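Peer 1: Each step along the sequence shown adds one to the number in the working numbering, with nothing skipped, and position 7 is 77.
Quick caveat, the hints were computed from the structure, so don't treat them as lab data. Source: prediction; values computed, not measured. We put the CB at the ideal spot given by N, CA and C, even for glycine. Don't take each hint at face value.
In silico lysine-lysine, DSBU-like type, Cα no more than 35 Å apart, as pairs [claimed, not checked]:
id : residue 1 : residue 2
1  : K144      : K72
2  : K72       : K108
3  : K108      : K144
Using C-beta positions, here's what the derived DEER-type ranges look like [as the list claims (entries may be wrong)]:
id : residue 1 : residue 2 : range
4  : R160      : G317      : 27 to 35 Å
5  : G117      : R325      : 37 to 45 Å
6  : P309      : R147      : 45 to 53 Å
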Amino acid sequence: MKTAIACGGTGGHIFPGLATAAVLRRRGHEIELWLAGKDVEAPALRGWVGSIVTVPAEGLPSGFSPRAIQSSWKMIRAAWVCCRQMRERRPEVLLAMGSYASAGPVVGALRRRIPVVLHEANVLPGRAIRFFSRWADAVAVSFEETSYYLRRGDLVCTGMPMREDMEVAARHPAEAAPSREVFTVLVMGGSRGAHRLNEIASEAVTRAHVAGHRLGVVHLSGYADENTLRQAYEQAGVPHEVFPFTGDMASIYRRADIAVCRAGAATCAELSVFALPALLVPYPFAAYDHQTANARALEKKGAADVVPEQDLTAEWLADYLVSVMRNPGRLARQ
Numbered sequence: 071m072k073t074a075i076a077c078g079g080t081g082g083h084i085f086p087g088l089a090t091a092a093v094l095r096r097r098g099h100e101i102e103l104w105l106a107g108k109d110v111e112a113p114a115l116r117g118w119v120g121s122i123v124t125v126p127a128e129g130l131p132s133g134f135s136p137r138a139i140q141s142s143w144k145m146i147r148a149a150w151v152c153c154r155q156m157r158e159r160r161p162e163v164l165l166a167m168g169s170y171a172s173a174g175p176v177v178g179a180l181r182r183r184i185p186v187v188l189h190e191a192n193v194l195p196g197r198a199i200r201f202f203s204r205w206a207d208a209v210a211v212s213f214e215e216t217s218y219y220l221r222r223g224d225l226v227c228t229g230m231p232m233r234e235d236m237e238v239a240a241r242h243p244a245e246a247a248p249s250r251e252v253f254t255v256l257v258m259g260g261s262r263g264a265h266r267l268n269e270i271a272s273e274a275v276t277r278a279h280v281a282g283h284r285l286g287v288v289h290l291s292g293y294a295d296e297n298t299l300r301q302a303y304e305q306a307g308v309p310h311e312v313f314p315f316t317g318d319m320a321s322i323y324r325r326a327d328i329a330v331c332r333a334g335a336a337t338c339a340e341l342s343v344f345a346l347p348a349l350l351v352p353y354p355f356a357a358y359d360h361q362t363a364n365a366r367a368l369e370k371k372g373a374a375d376v377v378p379e380q381d382l383t384a385e386w387l388a389d390y391l392v393s394v395m396r397n398p399g400r401l402a403r404q
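Just need the whole structure built from these sequences, with the hints factored in.
Peer 2: What follows is the structure, encoded as structure tokens:
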């Protein structure tokens, strides 16, 4: 079966799309990825061998503004291009992973009467999923809580698709247990980085280290802050590894003792698979504040602590990390 997977926009959409593509390929499907042509997509696609359809797209801002008009026009144009591409490429089914990047492919598939399957990764469904769910042939979700927000009785809770290397690594944690000589903090702000979280977390880790606590850090910085963070850790003598991006999250999760990170759906799923304790700092400007909903779902299960970004300070975070380090029972991996 020829399957199109629309998974462009961010790492939180691309990685689950790639994971699903890998499984479908093993089952004999011919796969095409439909992407938005964003810079963040390129690193995630390293190693991908297969067809890619690029349809430039961007999100639609809330409210009425010149930018909203421009974005609306681009979205209409993307939908027109996708209609033509669907006619030429003739996939037998479309899997759309959500986000603005999936809107054009879904319109094109519906126009060509191609079956559409939607996957919503977050607790709170985004605008694209909310709008198109009424016409989709099937809708899958990562969180059971999503059933409160999508008015369909046939939702399927599949969880978040996970790359095979991640699942294998999570099943064998003893092969690479974190070193207890240094308490390792994993800091990451999502596929595009997070400047304020980078600043606060690096200062907090440095404060704790200078105070005599044996903390180290693995910091996924994004490209903008990479050099600044590396220099700061080197000057303070903090054991560190700084990467702008990595495709090998499995080994990093296994080396960490705790994560300080955003609460995107993919991140939450990976933390759960690796049973890695986390302090979640939801991105405050996410649509519908969906990261807070994701974070609260993990907090409710006892898998994470949550702090709003406006309440986060370096002093508080340093004290929090030291407190967790001194109470290893709190970090028991479930």
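Peer 1: None of the hints should be skipped; say for each whether it holds.
Peer 2: Going down the list of hints, with the structure as the test:
1. K144 x K72: Holds, at about 27 Å.
2. K72 x K108: The given pair, whose Cα atoms are some 24 Å apart, holds under the 35 Å limit.
3. K108 x K144: 14 Å, holds
4. R160 x G317: 27 to 35 Å: This hint holds: roughly 31 Å between Cβ atoms.
5. G117 x R325: 37 to 45 Å: At roughly 22 Å between Cβ atoms, R325 and G117 fall outside 37 to 45 Å, so the hint is violated.
6. P309 x R147: 45 to 53 Å: 50 Å, holds
Checked against the numbered hints listed earlier, the structure breaks hint 5 alone; every other hint is satisfied.
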